[in-house]
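Same order as they appear, the protein sequences are chains A and B. Heads up: the first sequence begins at 1 in our numbering, then just goes up one per residue. Heads up: the second sequence begins at 1 in our numbering, then just goes up one per residue.
Each statement offered as a hint is correct.
Computed list of lysine to aspartate or glutamate pairs in EDC-like fashion (alpha-carbon distance at most 16 Å, straight line):
id, chain 1, residue 1, chain 2, residue 2
1, B, 71, B, 52
2, B, 71, B, 26
3, A, 102, B, 56
4, B, 9, B, 108
5, A, 49, A, 64
6, A, 102, B, 59
The hints are simulated quantities; they were obtained by calculation from the structure and are not laboratory data. Just so you know, these numbers come straight off a predicted model, no measurement behind them.
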Amino acid sequence: AQSVTQLGSHVSVSEGALVLLRCNYSSSVPPYLFWYVQYPNQGLQLLLKYTSAATLVKGINGFEAEFKKSETSFHLTKPSAHMSDAAEYFCAVSDMKTSYDKVIFGPGTSLSVIP
Amino acid sequence: NAGVTQTPKFQVLKTGQSMTLQCAQDMNHNSMYWYRQDPGMGLRLIYYSASEGTTDKGEVPNGYNVSRLNKREFSLRLESAAPSQTSVYFCASRQGVVESGNTIYFGEGSWLTVV
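Chain A on its own, in the form it takes in the complex:
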């Protein structure tokens, strides 16, 4: 079965610093990968997704992620953190072997941005 791990349940960065949130997945076949963001007391919204096209994926709000098959990783980055980026971030995976309809989420990483 596919699974997702996110290293670091909580990450703190200074405003203007690089944001790096880590995601590793387990899947025996090419996956679809997603990053979602959740602001307090809200549902989740899509930041970006990888669906076997370009390995470097650009999303909303200046975020991007790179799919690295050899490392089974899909880390999320942003060159310069903004206060409004403080939120919970979730990596998710689905694949053909299990079912593209079965989307599994990681445990999440809480991002704090320090002024």
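Start from chain A and add chain B according to the hints.
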């Protein structure tokens, strides 16, 4: 645009009581999902429905039942609530076309407390 609507938003149950969480989407999506979110656990898939008339177990189905009433509606039932089912529940939907990697759209969540 209503998107994904779930009710109720808040509910307190006594142990052993039953209740149904309702979910409806107006985007003509094929796939619908129920997740629960707990601190440090991320989102865990309870059940999903790839299309009208089908339902499948997710990661944590025990203690829950679901009904895909029609294409729009997907309900989650707790037959005999337990304190371990205290959580925030999210309904979600996706177009679900195979190999499309379509975005999942989430409702705003239902806060359930079992005492």
